[in-house]
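S.K.: Line by line, the protein sequences are chains A and P. Note that my numbering has the first sequence beginning at 1, numbered continuously upward. Note that my numbering has the second sequence beginning at 1, numbered continuously upward.
By construction, these hints were calculated from the structure, which means they are not laboratory data. The structure displayed is predicted, hence computed values, not measured ones. Among the hints, a few may not be true.
Unchecked claim - Label pairs and their calculated CB-CB ranges:
(1) P:Asp10 with A:Gly172: 53 to 61 Å
(2) A:Ile170 with P:Trp281: 42 to 50 Å
(3) P:Ile3 with A:Glu46: 47 to 55 Å
(4) A:Glu46 with P:Glu236: 23 to 31 Å
For glycine and all other residues, C-beta sits at the position ideal for the given N, C-alpha and C.
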Amino acid sequence: MLYREAGQYKTSYAADMAVFPILQDQIGIAVILFIGFVVVPLIGSEFLLNSVLIPFLIFALAAIGLNLLTGYTGLLSLGTGGFMGVGAYACLKLTTFFPQVNIVVWILASGFFSAAVGVLFGLPSLRIKGFYLAVATLAAQFFLEWCFIRIPWLYNSSVSGAIEVPLRTIAGIPVTGPTATSLTRYLVVLAIVVVMTWVASNLVHGRIGRMWMAVRDMDLAAELIGIRLLRTKLLAFAVSSFYCGVAGAMMVFLWYGGAEADVFAIDQSFIILFMVIIGGLGTLIGSFFGAALIYILPIALRAVPTAFGLPIRPAAAEQLTFVIVGALIIVFLVVEPAGLARLWQIGKQKLRVWPFPY
Amino acid sequence: MDILYKIFVDPFVQMGTSPDLLVQTLWDGLVAGVLYALIALGFVLIFKASGVFNFAQGIMVVFAALTLVGLHEHGVPAFVALALTVGVMFILAFGVERLMLRPLVNQSDIILFMATFGLTYFLIGLGQLVFGGNPKVMITSDLYLPSGAIEFKRFGGYVSLQKIDIAAVIIASVMVAVLAVFFQRTRIGRALRAVADSHQAALSVGISLEQIWVIVWFAAGVVALATGIMWGARSEVSFSLQIIALKALPVLILGGLTSIPGAIVGGLIIGIGEKLGEFYWGPLLGGGIETWLAYVIALGFLVFRPQGLFGEKIIERI
Numbered sequence: 001m002l003y004r005e006a007g008q009y010k011t012s013y014a015a016d017m018a019v020f021p022i023l024q025d026q027i028g029i030a031v032i033l034f035i036g037f038v039v040v041p042l043i044g045s046e047f048l049l050n051s052v053l054i055p056f057l058i059f060a061l062a063a064i065g066l067n068l069l070t071g072y073t074g075l076l077s078l079g080t081g082g083f084m085g086v087g088a089y090a091c092l093k094l095t096t097f098f099p100q101v102n103i104v105v106w107i108l109a110s111g112f113f114s115a116a117v118g119v120l121f122g123l124p125s126l127r128i129k130g131f132y133l134a135v136a137t138l139a140a141q142f143f144l145e146w147c148f149i150r151i152p153w154l155y156n157s158s159v160s161g162a163i164e165v166p167l168r169t170i171a172g173i174p175v176t177g178p179t180a181t182s183l184t185r186y187l188v189v190l191a192i193v194v195v196m197t198w199v200a201s202n203l204v205h206g207r208i209g210r211m212w213m214a215v216r217d218m219d220l221a222a223e224l225i226g227i228r229l230l231r232t233k234l235l236a237f238a239v240s241s242f243y244c245g246v247a248g249a250m251m252v253f254l255w256y257g258g259a260e261a262d263v264f265a266i267d268q269s270f271i272i273l274f275m276v277i278i279g280g281l282g283t284l285i286g287s288f289f290g291a292a293l294i295y296i297l298p299i300a301l302r303a304v305p306t307a308f309g310l311p312i313r314p315a316a317a318e319q320l321t322f323v324i325v326g327a328l329i330i331v332f333l334v335v336e337p338a339g340l341a342r343l344w345q346i347g348k349q350k351l352r353v354w355p356f357p358y
Numbered sequence: 001m002d003i004l005y006k007i008f009v010d011p012f013v014q015m016g017t018s019p020d021l022l023v024q025t026l027w028d029g030l031v032a033g034v035l036y037a038l039i040a041l042g043f044v045l046i047f048k049a050s051g052v053f054n055f056a057q058g059i060m061v062v063f064a065a066l067t068l069v070g071l072h073e074h075g076v077p078a079f080v081a082l083a084l085t086v087g088v089m090f091i092l093a094f095g096v097e098r099l100m101l102r103p104l105v106n107q108s109d110i111i112l113f114m115a116t117f118g119l120t121y122f123l124i125g126l127g128q129l130v131f132g133g134n135p136k137v138m139i140t141s142d143l144y145l146p147s148g149a150i151e152f153k154r155f156g157g158y159v160s161l162q163k164i165d166i167a168a169v170i171i172a173s174v175m176v177a178v179l180a181v182f183f184q185r186t187r188i189g190r191a192l193r194a195v196a197d198s199h200q201a202a203l204s205v206g207i208s209l210e211q212i213w214v215i216v217w218f219a220a221g222v223v224a225l226a227t228g229i230m231w232g233a234r235s236e237v238s239f240s241l242q243i244i245a246l247k248a249l250p251v252l253i254l255g256g257l258t259s260i261p262g263a264i265v266g267g268l269i270i271g272i273g274e275k276l277g278e279f280y281w282g283p284l285l286g287g288g289i290e291t292w293l294a295y296v297i298a299l300g301f302l303v304f305r306p307q308g309l310f311g312e313k314i315i316e317r318i
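Just chain P, same shape as in the assembly (with noise of 0.2 Å):
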């Protein structure tokens, strides 16, 4: 009975009785979820129009972020560097399509997979080779990045909210409806989405395939600067990034692997999901369940919606 009654009453009285703990837990597992959320974006933008599952998208993420951060160590100003990242992420994407996509077009998705994976080990021997493998501090006031936390004394209590963590919501959102209209209303958006309906169609109305894949690991490139930023200047700037990043896998499967929305909504649930799960009811498994809860959650939702909740449904042909 006792045991019960700390699983399914306990957390709930505390809940209750300390609305500000929750406040804040909701509001970190929020942000958690938004930087998920980003990283899951990078994997479904490159699925979508390449059918590739990037492993690599993680170590995308610190080496953008690296770069940006060892390039003004070298002394170069931080927006001047901001935009040779980009211009990094450019070349990395254009030489990922030249040497590692169009040689291997037609291969098999485990095939491709292992391709990124190679990718992931070329990148972080590459990035710990050129900028060293200490974590770095991000640039966050040369980017003109808020810093502190802002306390207000609601709920019976002090809620504190990390200035950087407001930052880092409201650019999430505009990354994602900026996302959203280039998808939508430009030329290059529309290629993009027959592309991800169907390589051959698009093919055939001449859109060239080889461009398109250029962009688009440009654009999970961007996508890795930008997570880099904010998930760097929330912490540090190091190599065990590339695990966490991991853990966008469970947010795509709840997601569905090809939808955008579903990434953004997914990661939520994760990030929302998995802090309430550890602060209330992880101290009854003596704590740590962090590292694996997201993909309990995710193991347990595709028994009973396979395709995610966004996902289109896989139909099986003979």
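Bound-form chain A, shown alone (with noise of 0.2 Å):
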């Protein structure tokens, strides 16, 4: 009943081509972000914080990042993991040269570098595509994860071989590191996103993103038309590897304060690749959709048992979750393959023309 565009009149194309073009829609997301920013850090406990909507929009972040590669390019990446170790590792490089600078510049900064490793393994997409190219990024996968092993240099060879995430203060307040408090990181981490995620949309929905969907399209078609294919798919893996570099870089800075290389082993990646199809390949939405299901559903379900009682064994339920998981990713890929954004869309659609079927 509320949720109607009636009298809303477009007047100009810039109207009608806008992101959220319905009134509802542009109140609803100014709730949303008014949630995030204001009522959460008022409400928010500390369990909430730092285990739940930190680590969710740090996975939203990276499930953007490979969303522009899959969903939008059409390249599939199963290097994810890889490039966000790229994003903490030359975050923690950055920051030991330069500790004076701003850390969120570095965070930010660190994408390029990831960028830049991304386009190196980007290269054979020119050649292969598909599972092709799925086993070419593993390559760059194993390749990086052996290097932030073995290269004493890029975890300033500290013993344990492990990042130390260092105290970093923005104007007199710590933002990372031991005394930093989640409710500070919260904040940084969702403005980050925030801003991401609007240069994302605006990305897609411009001439770079119909590049993109052109050439995942048809390849030969958009050739033809006349994109760059080399150039368009490098710039893909450069702004996808950007993304997953500063989500790597947050990840380690803003949530885990400390990680050692298997953080971002190959499971990192594959978790990542299920987000973006659970929630929808090439939706933005969709990835933070498919982060809050695969990220928080296991969380809920470890919290079930104990809610109701239940004598279960703290590995069993470990364990029931992944039987869990796995069954519900077939399931939703069975109901609606096209993720979760798609059943997002229909039931809009069913809202604006509720009572009535059409």
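Reconstruct the complex from the two isolated chains, following the hints.
M.R.: What follows is the structure in structure tokens.
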């Protein structure tokens, strides 16, 4: 009833092409941003901020990065974990060399290193695609993982072989390091994710996004209408790796506060690919849905037995979670192969005409 | 100059001066290659018949081996357990066809790939829930598999061959031969090849796709069981095997996704190449290059021959 577009006239081309053309959508996004920036910091508990929202936002950003590559450009990549790692290690090196510079600048700048590595490993994408490309990116994943373990320079030769996040402050408030509160870290993560999502939205709605989608839909035809394949594909690799790199840097600096190389193992790549596909290929909102489902669902499932007071061993609960998540993934794919974003769209359409079926 | 010497001369000098080590390394590579080839074989069987890239092949290996050992631990005699495990693999194949492939028919490749990833999660959880997450010892002696080593003096030193490795090579060869005969000579094999060539044409001459898919997944399950026994006997049955199974991917790239001989030759090349690389060139880079060398070999190969050694040339039409 409330979700109606009657009476909202689009009088210009720009209004017609807007990302949120309906007033209710604009109000909705404003409410979500208000909740994110004001309500959650006021009422959010330590657990909610640190174990649910921060990782959710970081995974969503990584999923957006992979979605730009796999969903929009149609290039399957299994090297996401490695690219995230490049971001994290680059950020560590940068802040070690220039400790006085604002850490947020370095978190964003580390994306460029990751982008460079992404372009390098994206080069084979001109000749191969599909599963062959996936294996090529697996080479990136395993090679980078090996570098993180075998090159002590990367982790500042610390004894444990892990990244130890140093204390960095902005205007006297600690942002990274052991003394930073989860609230500060949450706000920084949220700000970065919101800005980068906005940038991604502009990218995919503009010329670059159309080029990517043309390549995805049929690369030969795209070439015929004058899109340069190599440049477009490498640009997709660069932007995607940039996003993944920033997500990786945030993951270590603003969430874990210290991490070993196995955080960026192959499992991470698969989990993020999962989020992209469950959420919906080629949709930005799907990346958020996917991250929410894959990351928050196991937490919720683990909380269920304790909530009902069932006597279940923690190990068994963990294994049961695997079984349920695995089965749910198959069920979701059977019910809606186009992902959660499609369900969302169908829901909105139903809402628009409610209570009538058409 | 020194580094060039170390890369291009020194390894070959070492190979020449101590041929016993070279033979040992080659043998190790051969055995590793046979096991990669067996995993790759499971992939190829399923890919040919249903076009699904079965990510779960690695966990199927673990799951089959775990079921066998787990049943034996509960007091089931070894060979009965073996038969029961084959039964479990059949139920798995049937379930996968009914609950996963049939509803997802006509979906794009990546969706099916993701579904097999869901299957992987499911099997990891189920395996740990039923049999526990700890590594187990394969019941080698109960299955009359040999153990110990043969050592012989030749090439200026001792070369030792594990008996279980010899058994692995023989069993793998027999299995490939049986599969080849099955594919070439039997009615079902012909149907399988028809499905691999074209789903629609196969359907139109009255071949039941559902039936073929069950058979193929079952065959892949049996191959997984054999791989699991062999691999389990060499080290132990644990879930880390699943990551090693990813090595089958470069093998497939090398051999071509649809070729059974390709899977075997590719497996041998990757296995031997990786062991030689690790032994002779690994120390230059600080060791541990085994984890990615296979992928880099495959990557280099892709640039020159994207369809693999024996794969069909992919012709794209607009």
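S.K.: State for each hint whether it applies.
M.R.: The hints, checked one at a time:
1. Under the hint 53 to 61 Å, the C-beta atoms of Asp10 of chain P and Gly172 of chain A, about 57 Å apart, fit the expected range.
2. Remark: the range hint 42 to 50 Å for Ile170 of chain A to Trp281 of chain P is upheld by a beta-carbon distance near 47 Å.
3. The beta-carbon spacing between Ile3 of chain P and Glu46 of chain A, approximately 53 Å, falls within the hinted interval of 47 to 55 Å.
4. Checked against the given bound of 23 to 31 Å, the beta carbons of Glu46 of chain A and Glu236 of chain P, roughly 41 Å apart, lie outside it.
The structure fails to meet hint 4 from the earlier list, while all remaining hints are met.
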